[in-house]
Amino acid sequence: MRIIAKRTLKEFWEKYPDSEEPLRAWYDEALKENWNSFHEIKEKYRTASVLGNDRVVFNIKGNKYRLIILILFGRGKIFIRFVGTHTEYDKIDAKTI
Numbered sequence: 038m039r040i041i042a043k044r045t046l047k048e049f050w051e052k053y054p055d056s057e058e059p060l061r062a063w064y065d066e067a068l069k070e071n072w073n074s075f076h077e078i079k080e081k082y083r084t085a086s087v088l089g090n091d092r093v094v095f096n097i098k099g100n101k102y103r104l105i106i107l108i109l110f111g112r113g114k115i116f117i118r119f120v121g122t123h124t125e126y127d128k129i130d131a132k133t134i
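Take the sequence shown: its position 78, counted from the start at 1, is 115 in our numbering, and no numbers get skipped.
Bear in mind the hints are in silico, worked out from the structure with no lab data behind them. Ideal placement from N, C-alpha and C gives every residue a C-beta, glycine not left out. Don't take each hint at face value.
As the list claims (entries may be wrong) - List time: in silico SDA-like cross-link candidates among lysine to any residue, alpha-carbon distance up to 20 Å:
{"#": "1", "residue 1": "Lys114", "residue 2": "Thr45"}
{"#": "2", "residue 1": "Lys132", "residue 2": "Lys69"}
{"#": "3", "residue 1": "Lys98", "residue 2": "Tyr126"}
{"#": "4", "residue 1": "Lys128", "residue 2": "Gly89"}
{"#": "5", "residue 1": "Lys128", "residue 2": "Asn96"}
As the list claims (entries may be wrong) - So the derived label-pair ranges between C-beta atoms look like this:
{"#": "6", "residue 1": "Arg112", "residue 2": "Ile134", "range": "26 to 36 Å"}
{"#": "7", "residue 1": "Asn73", "residue 2": "Thr124", "range": "28 to 38 Å"}
{"#": "8", "residue 1": "Tyr64", "residue 2": "Phe110", "range": "25 to 35 Å"}
Sequences are here, hints too, so could you generate the full structure?
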């Protein structure tokens, strides 16, 4: 999958250094994937939640952080829509961000 934009992840892990390793791991794994459905994502990431509107939320570092992506299966693209703390996540509308 092509991931847009790694910079968002990097800026976050510079602010929260303990998130770097799990975010890098997620990024490296997702780059190698060729997902064609939400079901395939859930097979690999059982705690991921499909939000609708082409979005998926991942629990990062034991649910301390949240990562929301928008995925376009037919184009093989993932857009990073949000990465933040659990508290920050609770303040947004995850389906529209």
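Tested hints:
1. Lys114 x Thr45: Holds, at about 15 Å.
2. Lys132 x Lys69: 25 Å, violated
3. Lys98 x Tyr126: 14 Å, holds
4. Lys128 x Gly89: Cα-Cα ~18 Å, so holds.
5. Lys128 x Asn96: 16 Å, holds
6. Arg112 x Ile134: 26 to 36 Å: 20 Å, violated
7. Asn73 x Thr124: 28 to 38 Å: 34 Å, holds
8. Tyr64 x Phe110: 25 to 35 Å: With Cβ atoms ~18 Å apart, the hint is violated.
In this structure, the hints that do not hold are numbers 2, 6 and 8, in rising order.
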